[in-house]
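If you use full-length UniProt numbering, the sequence shown corresponds to residues 1 to 584, in order.
Quick caveat, the hints were computed from the structure, so don't treat them as lab data. Model, not experiment: these values are computed from the prediction. Accuracy of the hints is not assured; some may be wrong.
Pairs of lysine-lysine, DSS-like flavour, derived with a Cα cap of 25 Å [claimed, not checked]: (1) Lys336 to Lys162; (2) Lys425 to Lys474; (3) Lys569 to Lys340; (4) Lys7 to Lys162.
Here are the in silico distance ranges between beta carbons for each label pair [unchecked claim]: (5) Gly468 to Asp333: 33 to 39 Å; (6) Gly302 to His490: 30 to 36 Å; (7) Asn503 to Ser47: 19 to 25 Å.
Just so you know, even glycine gets a beta-carbon here, dropped at the ideal spot from N, CA and C.
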Amino acid sequence: MGSQDSKEYEMAVTLPSNTPVEGCEINPDVRVKHRAFPTLQPLPPYSVTFSWYREVVCSVHPSKLATVQCMSCVKLEVPVDQSYHCSSQCFLDAWQMHVKLHSHAVKTEKQTATGGQQELRMLRSCGSWPDFSADQLFGENTLVVEREGKVWIKVGSSKTYKPSKEDVGFTLRLECVAVDYSEGTQLAPINIIVTDPVITFPPRCPRCMIEVGSYMKSHNIHFKSQTSDGLTFSVLSYNILADMYTGMGKYSYCPSWAVVWEYRKQNLLPEIIGYDADIICLQEVQSDHFEGYLQPELMKCGYSVMYKRKRTELYTSSRHYISEGCATFYRHDLFKEIMKYELEFDQRAQLVVEDLKPELKHVGRIRLMKDNVALIVILEAIRDGSMNDDFQFRICVANTHTHANTELPDVKLYQVANLVRGLEKIAQSKIPLLICGDLNSPPESDPHMLLVRGRINSVSGERTDPLGIYQILKLEHSLALVSAYASFFHLRGIDEKQFNRMNLENHEPLFTYFTSGFAGTLDYILYTADSLRVEGLLELLDFESMGVGLPSPLWSSDHIALMASFRLKPHSTSESWPALPQEI
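Use the sequences and the hints to build the structure in full.
Written out as C-alpha cells, the structure is:
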C-alpha cells in the first residue's frame, strides 16, 4: 500500500436524493478526511475515480438475476436491457417474441435466425467474458460486472451522471475510489452507493393566458403586436426559490428528489421559457445558478440580462460563497436599456439609523438594516417596420424582493416606501411604471395599502413600530398604481373556476405562496393605470391541484408565477422625453 494506509483516511459520498430522475444530473458530494484528525491533518494530493453502473435484470422476469445475454442483440445494438435473460431456458421460451427484436434492428435486409444459431455466453461470477473483451462487446470504456449477486453494466465514469430513458426502472450503483497522487495507491476504502430505481420525469402542466379584452382562454401566450395605438408586451414575475433555502427539512412534504436543484432547474427553465414573456422578473435567484445556468440559457433564447445580488453571502460545503438576488431579463430584439438603478435597502436604512436616539441605534441597526434589494430598469422599444415613426415607447420595470420576517412589518413598510419614493422621481419623466416582485406582504397590509391606495395613516397606533418609522416615512404617493390581477373583476363572462381563485374582498389572488405552514398572496404585478392597460393574465392555480404545499413534483417553487400582458400608450416623437434622474 505504500506510506499511506487506506485505513488512515475515509471518504464520505452523498447524493442529493437517492431517487434518480430521468434527465436530471446526479452530482455527488465527496469529502475525504483523516479518520483521527479530520480538521487538523492535511490531506495528501489525491484524485477520485467514479464508476456508474446500471442494474441489469432479466428482460422477461424483472425480479430475477440476468445470467445470459443474446449475442445477436449485442451485434445488432439492441438495447442492453432487452438482451438479458435469467437462464438459457428462459431465452429459448421467449424466442418467438425475442426474434422480433432482431427483425426490427435490421434496416437493410431481413435477418432470419433460429434459437440454436444464437451464441450464448454465460456470465461468470467474476463478471468476465472468456471470448470477448468488454470493449468488443459493449464499446470503449464499457464493462459488465457482477456485484453482490447482481449484474451491472457500466454507464459512466465522470463525477456526475444524467440518467437516460434506458435507466428508467433500474437502480444505479456508484463506486468511488480516492487515489493518492504521489504513491499511486488507494487513499481510502472504496465508497459504494446504490440508488432507488430511476423514475421518469413527471409531465408538465401548462398554464393558459386569459385575454382580458374578450375573455378568451388560450394556450397562445404571444402578445407582441405593435401599432400606433400602443405597444403590447408581456411581463412575468416569479420567485423561483433559491436552493440555499431548501435545507433543514423545510419542505419535508415534498419528495426529496423534487426539492433538489438538479431536478427543479429542469422543471423551472422550461416553465419560464414556455411563458414566452417579453420581460422576466425573477426573485431568489441564487448567484451560482444565475451565472452557470439561468443567464446563459435565457441569453440563448434572445434575452438581455441584469442581476442585483444581496451582499450577505453563505459559505457552502463546496467551499464557495453564494448569495441570491433579483434578475431581470428582456428581449433584446424588442427593448434596449436606457437607464438602470439599484436599490440596497440596508444602505438607505443606515441614514435613518444614524438619526435615531442613541438608545435606539443598536436596535435600529439590527432591525432595520436588512440587505434586500430592488433592480430598476428603463427600457425603450426598438423601432421596426411595424411601428409608427411618430411614436416611441418607454417603460420602467422595478423588480424587488422585500424582507420576509413576519415579525418586522415596519421593515417591510420602510423598504416599500423607499422603493415608491425612488419611482416617484422616475415618474416625473412621464414614464409608465411596473412593479414586479415578492413583497412578502399580504393584501390589506400597510405596504400593500400604501401601493394600491396611495397613502396610509401615519399614526402607528397598535402597529409594531419600536423605531418610530411611521413618523419618519412619507406614507403617501401620487402614482396611479393598480394590481394587474384585479382586472379579473372587470371581466364579463369569466368562468366560475377562475373567479373562485380570487379573493372577493381585496381583489387579489387567493394565494401566490403555498406551503404546509402558510398560504396566501405575497407576490404582485402593479402598474400605473393612467399609462398602461391590462390585455391578458396568466390563469391562477387552485388549492386542490397543489396538494399539501409547494414545491411539488409539478411546481418547483413555493411561489407561483404571475404574468400579465399590457398595452402601453404611445409617446409622440415630437415631444422629447424629460430627463431621467441620475440616481433615486
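### Task
Would you check the hint for Lys569 and Lys340, treating anything up to 25 Å between C-alpha atoms as holding?
22 Å, holds
### Task
Look at the Cβ atoms of Gly302 and His490 and judge whether their distance stays inside 30 to 36 Å.
33 Å, holds
### Query
Is the straight-line distance between the alpha-carbon of Lys336 and that of Lys162 25 Å or less?
Distance of about 38 Å is beyond 25 Å: violated.
### Status of the given 19 to 25 Å range, CB of Ser47 versus CB of Asn503
For Asn503 and Ser47 the Cβ distance comes to about 58 Å; the hint is violated.
### Query
Taking 25 Å as the top limit, are the C-alpha atoms of Lys7 and Lys162 close enough?
Outside the cut-off at roughly 32 Å; violated.
#### Entry: 25 Å Cα cutoff - pair Lys425, Lys474
14 Å, holds
### Task
Return holds or violated for the Cβ distance of Gly468 and Asp333 against the range 33 to 39 Å.
50 Å, violated
Violation of the numbered hints given earlier is confined to hints 1, 4, 5, 7; the remaining hints are satisfied by the structure.
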